[in-house]
Every structure is written in structure tokens, then in C-alpha cells.
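> All chains, please: the whole structure from these sequences, using the hints.
Okay, here's what each chain looks like letter by letter:
Number of protein chains: 2
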Amino acid sequence: MRASVERIVADLTPRITGLRHLLHRNPEPSNQEFRTTEILAETLSKFGLDPRVRATGTGLLVDIGEPRIGFRADIDALPIDEPEGNDPRSGNPGWMHACGHDAHAAVAAGIAIGLSRLEGDGGYRIFFQPAEEAIVGGAVDLVAEGVVDGLEAVMAFHVDPTLDPGHIGVRHGPITAAADGFTVVLEGPGGHTSRPHRTVDLIAAAGKVITDLPPVIRSAFDARQPVVTAFGAVHGGEAPNVIPTRVELRGTIRSLHPEVRAALPELVKRTVARIAEAHGAVHTVTYRQGVPPVVNDPAVADAFARATREALGDGTVVPVETSMGGEDFAYYLDRVPGAMFRLGVRCGGGDIHSAGFKLDDAAVPVGVTAGIAAMAALARG
Amino acid sequence: MRASVERIVADLTPRITGLRHLLHRNPEPSNQEFRTTEILAETLSKFGLDPRVRATGTGLLVDIGEPRIGFRADIDALPIDEPEGNDPRSGNPGWMHACGHDAHAAVAAGIAIGLSRLEGDGGYRIFFQPAEEAIVGGAVDLVAEGVVDGLEAVMAFHVDPTLDPGHIGVRHGPITAAADGFTVVLEGPGGHTSRPHRTVDLIAAAGKVITDLPPVIRSAFDARQPVVTAFGAVHGGEAPNVIPTRVELRGTIRSLHPEVRAALPELVKRTVARIAEAHGAVHTVTYRQGVPPVVNDPAVADAFARATREALGDGTVVPVETSMGGEDFAYYLDRVPGAMFRLGVRCGGGDIHSAGFKLDDAAVPVGVTAGIAAMAALARG
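Protein chains in written order, with our numbering: chain A, 1136 to 1516; chain B, 1136 to 1516.
Careful: at least some of the hints might be erroneous.
[Unchecked claim] Label-pair distances were calculated between CB atoms; the ranges are: (1) 1417(B) <-> 1180(A): 43 to 49 Å; (2) 1350(A) <-> 1173(B): 42 to 48 Å; (3) 1220(A) <-> 1226(B): 52 to 58 Å; (4) 1448(A) <-> 1417(B): 40 to 46 Å; (5) 1220(A) <-> 1398(B): 53 to 59 Å.
[Said to hold, decoys possible] Anything over 12 Å on all C-beta distances counts as not near chain A; from chain B, calculated: (6) 1138; (7) 1203; (8) 1255; (9) 1257; (10) 1329; (11) 1330; (12) 1336; (13) 1367; (14) 1381.
Because the hints were derived from the structure by calculation, they are not lab data. Ideal Cβ placement from N, Cα and C applies to all residues, glycine included.
Spelled out as C-alpha cells, the structure:
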């Protein structure tokens, strides 16, 4: 079995690495992964599989036998400009696979092809989900479409730049946080920067929201409960001497405890309202409940760890901490037991979601091997 | 004389009002006032004058006789969207004559045409300056081109929405402030909003600059010295869950006292540097010395006030305070004695530089009358 998986993966690695590079050159926004979907469907078809593209043209699934064990990859990219000199490099300016979804998708394709070549009567479903980065994430749609209905277990990888290639991180219980999103819009009459007292100094009000909201949220909870509030975008105004009429802020809040999470929307709205009122600004707060935590099933995690150790060696599997990142993989786990694993990809040192993120190609066959071995082991029961 | 000016202005008012409306429908950015310049040149030519357009295609001047007394109008618009329902309304989305330069230009055209019809041997230069809203303002170019060389006095209006139409504000000494501009760029590696500790929380750093810079500047000077620091623009990031790599802030600082003004660049740079360093952000500060204060010559101001009272009645002329606004008219006053006056235009209540600004058409003939009368009086000596 081990020899067979090794041979299959060795044979596939050049093609799967090339596929990862091709996907990397074609990063697409959430729910617009049309070319990505085509590339994946073409590749799977070439290898004799029968992929089914979703009616939206974004995302696809492929079944091998009667599906009992599922594997999920996510396929969207992030609005980040990829630095010059990267190879492969994004061909869509302003967009970058800075979260490793290109690797997730390529590894998943490798697992599908590999499982189709493996002897045994396990049945599998490999599915490629759009819009993992969006709130609400694409997993909600796929769950509604029944993608995990009837499955006994589901698993997924997420790349981890803090682990070396060759290492895979495993954890029982929560491995990602609840991630909620919010947008704050502040509005005022606008005016001349020489006379802020005659209008609403709208950027001053926005500055207060930026500086006050995170500590107000932090201090509302026991210090041992992680809560992370951070802004991703702020936009308002154009000329240096015109006070704008609108400033928009976008951010996320991560938490682990259900009670902390439940208190957040009201706390954000109340805090923004007080700041806005103090400045005389009109405000609207849109709070979006994002994903719940991903809570790994211990039995699935253990089966995965055993199969991975067997296929790749004892030193491969390492324990990992809960991340404050969010993952809509959580929605599948409401329906089916499963687990998410960390795929070591350290290369260059940049964090995921940053332009400095780089992925070591050596991680790809490791993920394919572990995935094939674990899926087959789970199917054997 | 009074009767003659009255007759001339009554005859011109419908055309000059129409000209103001036409200019209002065609607002253009600083140094791109091509259509505005064409409209003004065509109008002046139709009335038998001989306007000279600048080599840039933006701005023009017209001489009546051998020029001794000058009048300056500014012609650029602001990057503001004009609200629906305004009539006249901007036909260039995103741009609006929200500072009344359409009225300045139309009044100046009226003054030129009126003076050409007035008996007497005074010589006049009426000039239409681009880019008053820019830093550095267009006045610097016009001074270099010699537009005020040889003149004995120069004057200008600025609309004032705090005065009713029919009132004209006069002041000895400073009537506008020194207005300097600055741009702050903060840069960092970017990252994921779940892990701000692994990167630079760049919007947090920008928020600190917004909230801390104005009070630090304010508290560096005697409370009786006016200093106004305000931001007009802040831009950074896109996705709610991606910490951006760059945030840009743009603002202005207004001051009256030369010593206060001289201390500002170093104070801004030091304060931004400390905030940026505390957050680990890379920073650049571009500080642009803008206009000095406009300091009205008492003799020109008095001659204007006398002529205006004679032409329009005793109640017309009112005293006004120094504005914290800046005006590149100041550069002409380095060369030639002169004064700027406030033209009452109150209508609707919006401040200048805001989308709520509206101008009462009744102000236009008042400005034309006062301008013709004062220019003629100054020419008589």
C-alpha cells in the first residue's frame, strides 16, 4: 500500500506541480473562479475522471466510486498585488494566491487522480469550493447543494507557513476561530479643512473608530479569552483640503468562545454609535456573522495521523495550536465529522494573506501522499 | 458715474448670470481648465474684447487700455460630486464648483466688459487664474509670467456663504491664513487580520496618526494662536480580512503666525515618525509649503469700500474676520499692493468646499458693480 501510494505520487508530482503553477498564475476573486474551475475540470478529465462543474461555473466536484469519504479544497484568491520577481507569478494584477488555495486545489486534484489509481473499493468525493475568503463563505452554498450529504467523514488541508514542507499539523478540537466581519460607514456634510468646526471632521471620527474599537472590545472580555479586532480597509476623501462626506471602514473580529462571540455585534454597534455621535457623524454598522470555529473530530484526526505516519514517516505529523484565522470548512463539520490539517509550506517567511507569502513546491507531493493514504484508510474503516 | 455703472450692469446681468451657469455646468480640475478658458475667451471676444489665452490653454487675461489696476479671478473646481436636483448642476461627475470660482470668473468677465463700456481713461487688466485649489497654486506661475508686473494695485473677490447677497466684506491686514499641505504614507508587510502581531497593523497605525497629530500640533503652540489641522483623505486596503501594505493620508495645516508656520514641518515629521516607529511601520511625510496669508493693503481696501458704498449704498460694506482658508492671491500681493474682498452669496447654508454649497445669483451683479466702481476709482487715483 505504502509502496503503491509512493509510486502513484512520484508519477503525478510533475503534473500536479505544474497545475499548481498554472492556478497560481490565474488567481480569481471569490465567486468568480471561472478559469480556475475550467483548469481543474480539464485536468481531471484528462486523467480519465468525470468532474461535475457547478451550475454557477465556479467550483466542481469529482466522485470516485460511491462517495463515502470527502476531501475539500478552496479555490479563490485575495485582492493583493503579487510582487515582481515571484515565479510563478499572478497574471491578474491586483490578485494573488496569497493564501495557498492554488496548492489546496492542486493537492486535491492529485488526491482525486491518485485515489482513482489505487486498488481498493473505497468511494470518494473530492470537491473544489469557491469563495472561501468571502463572508458568507462558499461552503454555505455547497452544503445547501448537498455536497457532503451521505459522507461519513470529510477532511481538508490549509497551508501553514510556520511549518516546514514535509510536516503536517494535526489537532483535536478547535483548529480555527470564529471570524466575523463588519463594515462601518460614517457620513457627514463635508466641508473645507480650514473650518472643521462648521461640519463633521469625518476622518477624525474614523480615526477614533480605528483607535478605540479594538481596545474597547478587548477590555470587555477576560484577558485569557483571545479576541482579535483588526481593520483591512479604510477609504474616504480625495483632496487634502476637502473634508469628505463619507468614510468606510472594513474589518474582522476573531473569537473562540461562543459567549464572547455572541456579545460582539452589540458591542461594536454601541461603540461606533458613541464615537460617531460624539463627532456628529451619521453612522451605519453592518455586522456579518462569519464562520464558526472548525472543531476537529478526534477520530478522524487520529485516523489521518496514523495513515500519514505510515505513508510518510514518524516525524511528519506534529501538533499545532488553534489559529485565530477563520475557515468556512466549519460548515461542513455541522453535517459530517471531519478534520482540517495544516500543510507545512514554509518558504521565504511571509505570512498567508500577505504579498510576501511564498509556497515551497516540496509541500505538494507531501499533501497528496497524506491525503491519499488518509482517505483510503478512512474508507477501509 | 453711479448711474452709468448701474445701467451697464443692468444690461449685462442676464448674460453674466448665464455665463456663471455655463461655467458651473463645466467644472474642471486644477490645471485642466481648458473648456472653462475657452468659454471665457469666447464670451469676452463676443463683447469686443481681446482676451489672451495662456500657452498652457488654461487661464487667460484681458487688458482694457494700458493696464494699471488688476482684477484676478480663479477658475478651477473641486473633486466633489454635486447633488442631484441642483440647478445649474455640474455636468462633470465627481467635480463641482463648490468654492464659487464660477462666480469669481463670471463677475470678472462682467467687470472687464463693464469697464470697457465705461467712459474714462483708466487702464485695467482682468486675469483668470487656473489651479487656485492646488498646492502649489497657479498664482505662482502667473506671477512668474509677469501678470501683475507694472500694475499699481490688484484686487479679487472670494464668495462668502456667511454673508447675504448684497453684502461685501472688507478687512485691513490678514484676511486668509497660511495653508500648508502634507501627505503621509505608511507601509508595512501586510498580512492576515487574524494575526496582526505577525505584521504591522497598518490601519491601526494610520488611526493613531489621524487621532494624535492634530492635538500634538495644537498643544505645541499658545492657545491664542489659531492652528487648524484636518485630514481630507485616507486610503488603504481592500478586503476586510487582509491587513494592507500601504495607507495614505492627505491633509492641510492652517496657521497665521510666521513662527508657528515655520515650526510645523519638523513637528509633523517628528510626530508621524514616532507613531510609525511605535507600530513598526515604514513612513514617508511629504510636507508642502502652501500659500502665505493674504494681507490686505489698507489704502486699497479703503478705496474699494468707498467706491462700493457710493455705487451700492452704505449698508453694503461690512467688516469680516480673518478666515483660516488659504488663497494663492497672496503671491500677487508680494509684488503689488492689493486686497481681497468677500462677496456675500448665502443660499442654502452649505459651506464652501462642501456638496451643500449653493450660490445666490443675486450676488453676481453686486460683485460686478462693486468691481467696476472700485477699479475705476483706483484708476482715477
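> If a hint holds in the structure, say so; if it does not, say that too.
Status of the hints after comparison with the structure:
no.	hint	result
1	1417(B) <-> 1180(A): 43 to 49 Å	holds, 48 Å
2	1350(A) <-> 1173(B): 42 to 48 Å	violated, 56 Å
3	1220(A) <-> 1226(B): 52 to 58 Å	violated, 45 Å
4	1448(A) <-> 1417(B): 40 to 46 Å	holds, 43 Å
5	1220(A) <-> 1398(B): 53 to 59 Å	violated, 43 Å
6	1138	holds, 39 Å
7	1203	holds, 33 Å
8	1255	holds, 39 Å
9	1257	holds, 35 Å
10	1329	violated, 4 Å
11	1330	violated, 6 Å
12	1336	violated, 6 Å
13	1367	violated, 4 Å
14	1381	violated, 10 Å
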